[in-house]
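**Q** Listed below, chain by chain, are the residues.
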Amino acid sequence: MEAFSRIYGRVRRLMHLHTGHRRQQGLCAAADVRLSVQQAADVWARRFEEAGVSEPGPSSQYIVAHVLGAKTMANLEPGILGKTLTDAQMQRVWELCGRRLSRMPVQYVIEEWDFRDITLKMRPPVFIPRPETEDLVSFVLSDLQPAWGAGFTVLEVGCGSGAISLSLLQNLPRLRVIALDRNKAAVDLTSENAHRLGLRDRLQVIHLDVMLDAEKVLRECGLVDVLVSNPPYLFSQDVASLQPEILQFEDLAALDGGADGLQIIRQILSLAPHLLKDLGRVYLEVDPRHPPLIQQYVEETKEVGLQYIQTHCDITERPRFSILQKTRPER
Amino acid sequence: MPSYVLSRLIVMAGQTLTWELKFPGRLLLSPVSVGLPRIRAAGKKDRIDLDSLNEEHLEEQFVRGSGPGGQATNKTCNCVVLKHIPSGIVVKCHQTRSVDMNRKKAREIMQEKLDIFYKGEDSGVLKQRKEQEWRKLEKRKRARETLEKKRLFKENVLADSKQGEDTR
Numbered sequence: 001m002e003a004f005s006r007i008y009g010r011v012r013r014l015m016h017l018h019t020g021h022r023r024q025q026g027l028c029a030a031a032d033v034r035l036s037v038q039q040a041a042d043v044w045a046r047r048f049e050e051a052g053v054s055e056p057g058p059s060s061q062y063i064v065a066h067v068l069g070a071k072t073m074a075n076l077e078p079g080i081l082g083k084t085l086t087d088a089q090m091q092r093v094w095e096l097c098g099r100r101l102s103r104m105p106v107q108y109v110i111e112e113w114d115f116r117d118i119t120l121k122m123r124p125p126v127f128i129p130r131p132e133t134e135d136l137v138s139f140v141l142s143d144l145q146p147a148w149g150a151g152f153t154v155l156e157v158g159c160g161s162g163a164i165s166l167s168l169l170q171n172l173p174r175l176r177v178i179a180l181d182r183n184k185a186a187v188d189l190t191s192e193n194a195h196r197l198g199l200r201d202r203l204q205v206i207h208l209d210v211m212l213d214a215e216k217v218l219r220e221c222g223l224v225d226v227l228v229s230n231p232p233y234l235f236s237q238d239v240a241s242l243q244p245e246i247l248q249f250e251d252l253a254a255l256d257g258g259a260d261g262l263q264i265i266r267q268i269l270s271l272a273p274h275l276l277k278d279l280g281r282v283y284l285e286v287d288p289r290h291p292p293l294i295q296q297y298v299e300e301t302k303e304v305g306l307q308y309i310q311t312h313c314d315i316t317e318r319p320r321f322s323i324l325q326k327t328r329p330e331r
Numbered sequence: 001m002p003s004y005v006l007s008r009l010i011v012m013a014g015q016t017l018t019w020e021l022k023f024p025g026r027l028l029l030s031p032v033s034v035g036l037p038r039i040r041a042a043g044k045k046d047r048i049d050l051d052s053l054n055e056e057h058l059e060e061q062f063v064r065g066s067g068p069g070g071q072a073t074n075k076t077c078n079c080v081v082l083k084h085i086p087s088g089i090v091v092k093c094h095q096t097r098s099v100d101m102n103r104k105k106a107r108e109i110m111q112e113k114l115d116i117f118y119k120g121e122d123s124g125v126l127k128q129r130k131e132q133e134w135r136k137l138e139k140r141k142r143a144r145e146t147l148e149k150k151r152l153f154k155e156n157v158l159a160d161s162k163q164g165e166d167t168r
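Chains G and F, in that order, are what the protein sequence lines are. According to the UniProt record's numbering, the first sequence holds residues 1 to 331 in order. According to the UniProt record's numbering, the second sequence holds residues 1 to 168 in order.
Please note that the accuracy of each hint is not assured.
In silico PhoX-like links for lysine-lysine, alpha-carbon gap of 25 Å or less [said to hold, decoys possible]:
1) G:Lys71 with F:Lys104
2) G:Lys121 with F:Lys127
3) F:Lys127 with G:Lys71
4) F:Lys149 with F:Lys127
5) F:Lys149 with F:Lys130
6) F:Lys162 with G:Lys121
7) F:Lys162 with G:Lys71
8) G:Lys71 with F:Lys92
9) F:Lys149 with G:Lys121
Don't read these hints as lab results, they were simulated from the structure. All values reported here derive from a predicted model rather than from experimental measurement.
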């Protein structure tokens, strides 16, 4: 501990870390200090902690591991931790950690992240997939898996980086997916990720706003078996209190669901009966306060043509997922 | 909160196994016993048969920090803590950047640990490790023997050529 404090003190005195033009000075000075992989991670964890950056330890570890070509520090060979970083590696670590100091999310700093069994490219301000959403994919998979997705089509509303669509395509070799997003950057990123994963041939990505282009959505998407979405569901009043990582870097339009958080969800539910085949299902990720409200809405408004099937909890035991089904028309 | 059924497709070395798991988030109370097939340890060259995990004996915890979660939170820590209640064995996994993958890996590690815990010397995992260790030692032994043979051969050749010189 004492040895670390000595190294850290020396590094701090040499670095004079600032953002902007003085960062270059810090980088040049850093060349005089030789650090091991573990030491670099520790130095930056301490630096982040001092600056009040959230998750100081994990942040520095993910960045250092990434510079060394691994996904996590746990994946590095045991011997590597004690090895001295090259000048190029030091420079890269300092560059990336400098970005994290400005509260840029780790996923944007290293420009990638994992979702279930796939790695996706990340780019601000396209929404970063959340771990809770991995379970949303599980529910869709459990219903479609027996047939390997053969002959099924899924429509995703608000695809972002493509996490849900691509995860489904990866696991269901015969599935087809149509993905929509109102943000052109998201459409481009989803296409790019699809290309990198070799899934482009079974995916159609369209730049459409489900709120403004409803008619076009109905025309272009036809009848699908499944509608899945992680739509903006935050309450507008809650947006202002979000952490700086989200407020300063992510597309807030991908988060804000209006006063009650249900604005986009209601639109999706009104379009669903026209987009789904009979008995087709809707899988939604929502705010924990939403499931009873959605169930009430669907049951009170008979003309909606949807039946509420089930609410599922996420990994933190919060109600997070609503599953609905299109009712068969009565003859 | 209703418990839910989660199906997972696991492809191991070309074979496909599916099983139904119950994930209650906390300790489940389910009247239906889950018939789980024997699981092959994934990712190993010599596959060994391990007893399947009974989800009813497992308790899962996720280190996700405080905060509202979902879209309202951006956290990168996806550590999974898996506890086997009957034995008290705890597995912590943060090997990957995906919570789903960490859950799967935690279960694989738990299976191996339980195999050692309950079967002791008869554990397939321990046997496989011993065998791998033995193979390593055998390989080193053979390499040493080969070097020794080469050394002796060289010496003999030198000795022969010297003899040849002396007799001329």
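**Q** All the hints need checking, so say for each whether the structure fits it.
**A** To see whether the hints hold, each was checked on the structure:
1. Between Lys71 (chain G) and Lys104 (chain F) the CA atoms are separated by roughly 17 Å; this keeps the pair inside 25 Å, and the hint holds.
2. Among the hinted pairs, Lys121 (chain G) with Lys127 (chain F) is inconsistent with the structure: their alpha-carbon atoms are about 42 Å apart, more than 25 Å.
3. Distance hint between Lys127 (chain F) and Lys71 (chain G) is unfulfilled; the C-alpha atoms sit about 31 Å from each other, more than 25 Å.
4. About 33 Å separates the Cα atoms of Lys149 (chain F) and Lys127 (chain F), which puts this hinted pair outside 25 Å; it is violated.
5. Taking the CA atoms of Lys149 (chain F) and Lys130 (chain F), the gap is near 28 Å; set against the 25 Å cutoff, the hint is violated.
6. Distance restraint check for Lys162 (chain F) and Lys121 (chain G): the Cα-Cα separation of roughly 70 Å exceeds the 25 Å cut-off, and the hinted pair is therefore not satisfied.
7. For a cut-off of 25 Å, the pair hint linking Lys162 (chain F) to Lys71 (chain G) is broken: about 61 Å separates their Cα positions.
8. Restraint check: the Cα-Cα separation between Lys71 (chain G) and Lys92 (chain F) comes to about 17 Å, which is no more than 25 Å; the hinted pair holds.
9. This hinted pair does not check out: Lys149 (chain F) and Lys121 (chain G) have alpha carbons roughly 56 Å apart, beyond 25 Å.
The structure fails hints 2, 3, 4, 5, 6, 7, 9 (numbered hints given earlier, in ascending order).
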